[in-house]
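Hints are included, so try docking the two chains, each in its own frame, into the full complex.
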Amino acid sequence: MSNPALKTSDPSSPDDPQQHDDAAGYYVPGDPIADTKAPGGPVEDKWDTRQFEARIVNPANRRKVSVIMVGTGLAGGSAAATLGEAGYQVKTFCYQDSPRRAHSIAAQGGINAAKNYKGDGDSVHRLFYDTIKGGDYRSRETNVFRLAQVSTNIIDQCVAQGVPFAREYGGLLDNRSFGGVQVSRTFYARGQTGQQLLLGAYQALERQIGAGTVQQYSRHEMVELVVVDGRARGVIVRDMVTGELETHLADVVVLASGGYGNVFFLSTNAMGCNVTATWRAHRKGAYMANPCYTQIHPTCIPVSGAHQSKLTLMSESLRNDGRIWVPKDAKDADKDPREIAEDDRDYYLERIYPSFGNLVPRDIASRQAKNMCDEGRGVGPEVEGVRRGVYLDFSEAIGRLGRPAIESKYGNLFDMYARITGEDPYEVPMRIYPAVHYVMGGLWVDYDLQSTIPGLFVAGEANFSDHGANRLGASALMQGLADGYFVLPNTIRDYLADSPFEKIEESHPAVVEARESAEARINHFLSNKGTRSVDSYHRELGNIMWEYCGMERTEDGLKKAIDLIRTLKDDFWRNVKVLGTGDGVNQSLEKAGRVADFFELGELMCIDALNRRESCGGHFRGESQTEDGEALRHDDQYAYVAAWEWAGEGEKPVLHKEDLVYEAVKMAARSYK
Amino acid sequence: MKLTLKIWRQAGPQAEGGIRTYDVDEISEDMSFLEMLDVLNEQLINDDEEPIVFDHDCREGICGSCDLMINGEAHGPEVTTTCQLHMRSFRDGETITVEPWRAAAFPIIKDLMVDRSAFDRIIARGGFVSVNTGAAPDAHATPVPKESADRAFDVATCIGCGACVAACPNGSASLFLGAKITHLGELPQGQAERDTRVASMVAQHDHEGFGGCTNIGECTSACPKGIPLDVISQLNKDLRTAIRHGH
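In order, the protein sequence lines correspond to chains A and B. The first sequence begins at 688 in my numbering and counts up one residue at a time. The second sequence begins at 5 in my numbering and counts up one residue at a time.
Looking at chain B on its own, in the form it has when it is part of the complex (with noise of 0.2 Å):
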């Protein structure tokens, strides 16, 4: 395949950005996007181009690194990862846009790569349970309906990549934090912190610079995980518990 790619270029946080345009040729289907942006740098430094920064890790769909809006869709036209998006979804001759992650609370480090530690500090505002190592009772000592550990389980698989924050027009981290105030919400272990937890760290939400939530749903159509629209409910649900409890 023959591509045309249009990247944003941006030297670092506070120099000005724009789009260079690049082709690649000998692009085969089989490569993930990643590799094919690697074909393009091994290109760029043979001309003397400095090439790409983009964030990437694991390229097995886990790491939640990799971070490009791909025309205009946060990780590109498939729901997954960038890592996990193959050439097979494009065509020959074609015109790629690729950019980084848009959100007031993800700053643009350098071409491709956003700050998103942000996330980091609203897990430390209460994104946890409370308990030493070594104090814990036997596992079997507290029974979990199965009901209740997979559904924790499957909003616990949020990948912390922000294509819910990229896609939402308001730049709003409700679906990352709905996924893990659902996912300690569910389990018993979870319940003593749970009004200090949603209120704290919705909290360090705002202060962080992330937008409301307006249901519009693109985080969740986004999301290469599937985190459903739902956690955003019980997010505003158990907020709402922590108000009236006088959090």
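With the rest of the complex left out, here is chain A (with noise of 0.2 Å):
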């Protein structure tokens, strides 16, 4: 069936800036993709618009209505929860255990919602125009001024769960200040907000489950997504305990699988995190969008070895209190920090950004330390010859506040930093450095949530709608359960309204071409008897990308990561190694699949990046620079959403933009200065 997000205008006029398309050559122009949801009028009452004209489904036909859910975390626990208790049949699906241990818990710092219950002039319109301005003008503004409208119901809602947030004396709500921005508008629960957040979602969920409007299926894994007559109607799943591949049907299907960070393979994502249900969705006709969009998060444990398996972010609301600096002088760098005169260090961040200081975004943040390190002011142990870190020191705050203060604010993640490094950062100053930590690419979807596959709608860090080129703090949080409890509830009811749907058999040809396809792949890397580990080429490909198309970017380096992702695939299919069988517990099988989908997505991030020119955000291209070394945009040339679709094996993909409109924000360059 035809998509009606798709204009069917011309592709690409000859005169479109292309001067230096770097890209040229790796992919071929599509037709422009717009978002045909969301509706006219001021942005302030779009959403309540959309809400009034999106149909309902009469609570007694809603039993009848099916819906799957991939990924039980923030996002999507709390999207089944809600559509549980609308009472639509539900089915969720996790990887994990349980839905309890979705990566959302692992979120330390907050969550943003407009409140403005410190009365320092915080209202929805600053939470939206910081969002908007902390994503650099990339993110979609009638979908990021929703997401300001709704965060102040999330507060009300998990409070109501039994969240427990922190209090002031007087009982109420305290908040704290993130990067990026001057108001105090981030509610927490110490260093675990995502924690009690994604337990109040798991709670209402397994409310469901015990209600019976919700099944829940437990280590199981999507591994091919279901379309029928251009429609999504189903997904295979693998069970991973007997190995078993399932087939669920059902009206509608959501994704809410979280993000693809860990195609760098040291990354803050937990180690199951994976791009599998939307990489297979991606290959199905769902456009990805923007997937060189990587947040690299500037507070993470700096590397310590060859065998470390991932780095442990430290909450950036460390930087409210903590003072970060180099020493002045590079011959101070293996010096104990304690005995570096005040005089000689360089507190570099309130040098060059006084009215932000510590708290600039997190782009800034990471760049800057990049950069001291760069010209060898970096501390601590040198790996591979340079020393990766800069100190985050809390003397100045410990003698200011006194100690029990800053236990009582983040105890938790001084005792874990304590635990990784083996030192007291009571008394040293902490090592830090940046590291890949959340993805702001994933697959595109319009207003409603919906992708270019009609049936399948895309929530949580799965789709690319909210952050633009860059996160700031506790929005990631915000959007997840913004997504999950308020959007998408309200915005699937229109698709829904158009059910009953025909009724699919599981003799379907489609349903057994999915089912086949991934017998085949499953199949394969079982018989193929190569020689070396699936582990072993992850951790190769996510050196490439660090390499290539991490903090900063080039055309040369990029195009060689290309070259050097084609060959280590290539070698991948040939040689990888799994033993066992597929008929149990076989984590080396499910790794295979996982990483066989990385490398498709990290050429096509490479690609994505080399086709954008500008230093956005956390992408910093060197060709795209201003005098003084800051991220320059070409707003004239690159105000777009680069959807990319997917032509075939060994085609090249399909690039679609969308045009971002700016109507109630004016663009503007970044300054933190």
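Please keep in mind that the hints were generated in silico from the structure rather than gathered at the bench. Be careful, since some hints might not be right.
Result set (DSS-like, lysine-lysine): computed pairs, CA atoms no more than 30 Å apart in a straight line [as the list claims (entries may be wrong)]:
#1 Lys1256/A <-> Lys1246/A
#2 Lys241/B <-> Lys150/B
#3 Lys805/A <-> Lys10/B
#4 Lys1353/A <-> Lys1246/A
#5 Lys971/A <-> Lys1015/A
#6 Lys1339/A <-> Lys1264/A
#7 Lys751/A <-> Lys1015/A
#8 Lys1216/A <-> Lys241/B
#9 Lys1264/A <-> Lys150/B
#10 Lys1264/A <-> Lys241/B
#11 Lys971/A <-> Lys1264/A
#12 Lys1264/A <-> Lys1247/A
Just so we're clear, the structure is a prediction, and the values are computed from it rather than from any experiment.
As structure tokens, then:
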């Protein structure tokens, strides 16, 4: 069927500014794409209008409508709980042994909401503006405004569920401040906000499971999407305990399967986070938008050695009280930091960005840390000849507020740091360095969160819509819960109002095809008898991605990366070694399927980065910088969402551009000085 | 470091299991225990032996996936999760025994992986506040004393790893249960369902085959999140009140 989201205008006109298109030859230009679901009128009214216009499924008919939810973190768990409450028949799938272990649980710092409880001038409009600006004018205005609007409901909902947010002595909620923002709008539960919010959503989900409206399938991984007559109608999942491939069919499929930062191997993501659910959907026709938009988080514990399996994030909230510095003189790099005199320290963020200081947005803090280390002023152990660390120092705050105050605010983070590094951060400054954290790219969705495949909706980190080129702190939790509790349950009903949909049998050719393709992949890996482990390929792919498609990218580097990825991918398919069988737990087999998809994604990320010859947010193109080395955006050429269409095995991807239109805010150069 | 590892291998739930011995070399003290197992698994794959199955995910001490008995202790010699246990806690040349959680209510799936879905079923029987989405009053409508909010948070940090069960000679999940009962019981939002919650969660706990609590206290000393033993007193108190109220 034709997709209403696609415009049928001519391909890019010949005067399209492609004079710097480094990616020419790597892709095929396609038709423009546009969001057709956001209603007209002022941005403040759009969400109310859409909720009113979206058709309704009457309560008696809802139990006849079935929904598949893949992923049960903040977005998927909250959406499934809400749809269950509404009376739909919901099936949820997660690869973990329980929805309570989704990686949302690891988010530390907090969740933003425009409550203005502090009376410091916050408002929906200000949260909206900060988020657009923090996204470097590369996110969609309509979606972000809605995010800011519903943010206030999230806090109400979570408090009612019993989420133990931090409180002041009067019993009211406390707030703190995060990077890129000059008001206190972040609600938090010590350093474990994601955990408490996820447990709230998980408990709401378990309540529905107990009530029988939701069926939960744990240790199940989606391995294919079923598309029948152009509509998403189900999934093929692998039961990771029995190894059995199961077919589940429904009226609508929602992917809330998180982000793909693990393409870099070393990241702050949980080990199991993967791209497979969204990539399988991409191969079936869902466009992948802005895949090269990766957030590099500035405050992670630095890499210690070659066997490291993951990087651990230290909450950005630490920057409220910690001061970041490096020695002025590289000769002091290996000194005990306590012996470096105040005058010999360079508090570089406070020096370069006096109004935001240590609370500059993540991309700026990350890049400056890299610059300091590249200059030779990094601290900590040398890894491959460079010291990759800067100090995050609490001595001034401990002196000002006392150690108990710091313990009560950040105690668990300090303990975690001490455990991992073997150093006491109350005595010696922490060492931090940037690491891959969150991805802003994901499946393209319209205002209703529907992908380019009708009946396939995408929520949370798995979609692209709200964060632009950079994500401000405490906004990912906000998006996950906004999508899950409030947006998706309201928009999906318009699609479901067309029900009853035609019933699909498991013998339908599209179902058989999906199942066979999943089987073929599994059989290939099990019968390949190669010589190299899956992890060794994953690690090597990750190194390529970090080196050439990480914090700083160049045309030459990206082209080199694409060649390296293609060569390694060929070798992977010929030479990967997966032992054991398919009829039980086989963790190497699970990883092989995921890494296979990471290869294809990694290549697309590099092509996307090549096409975007501008620096924006966390994505620094060496070819595009100001005289003093700051990121230089090109709004005249790149104010678009790059939505990539899969063209087939071995074919060049097709680039569809969605123009970003700003009506409520004026695009401006971002300055935090 | 050089280490000798004695590890429980079991091909499936019905298969007979046994200890196998492996040697590893060049282990750095900065590695986490799970990274050490990654190294062993790479070695096994090279030797054409199936890698050891174990549960893990976030590797930063918060998801609660990891579930290893190390030298007979839940999560190992330090009070933390296995992913946050570092090899600096062991000596060069040491022999380390690694087994899965031991509890009747946590059946073994394969090698070191166990089934903890009983915990989800306990939560599904009342470990929540019943509030439909969109029906909540303004968050500031009900002040919560800071002490209550802090206490609720402290016990809500339970990660559901099951170390308490594995450490308990009775295989009781009373610490897990008590943490949730106390978390929701501390807050005004949790009062309406207080009696029914404790009665039905305890009934499910017993139904799943967890043992009874005899106040041994191993649970709290093994808990990586420091959930205090007095949540069990709270659990018992709430249960008595519920029974008195006719539940």
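Evaluation of the provided hints:
no., hint, verdict
1, Lys1256/A <-> Lys1246/A, "holds, 15 Å"
2, Lys241/B <-> Lys150/B, "holds, 23 Å"
3, Lys805/A <-> Lys10/B, "violated, 57 Å"
4, Lys1353/A <-> Lys1246/A, "violated, 35 Å"
5, Lys971/A <-> Lys1015/A, "violated, 54 Å"
6, Lys1339/A <-> Lys1264/A, "holds, 29 Å"
7, Lys751/A <-> Lys1015/A, "violated, 68 Å"
8, Lys1216/A <-> Lys241/B, "violated, 60 Å"
9, Lys1264/A <-> Lys150/B, "violated, 55 Å"
10, Lys1264/A <-> Lys241/B, "violated, 56 Å"
11, Lys971/A <-> Lys1264/A, "holds, 27 Å"
12, Lys1264/A <-> Lys1247/A, "holds, 26 Å"
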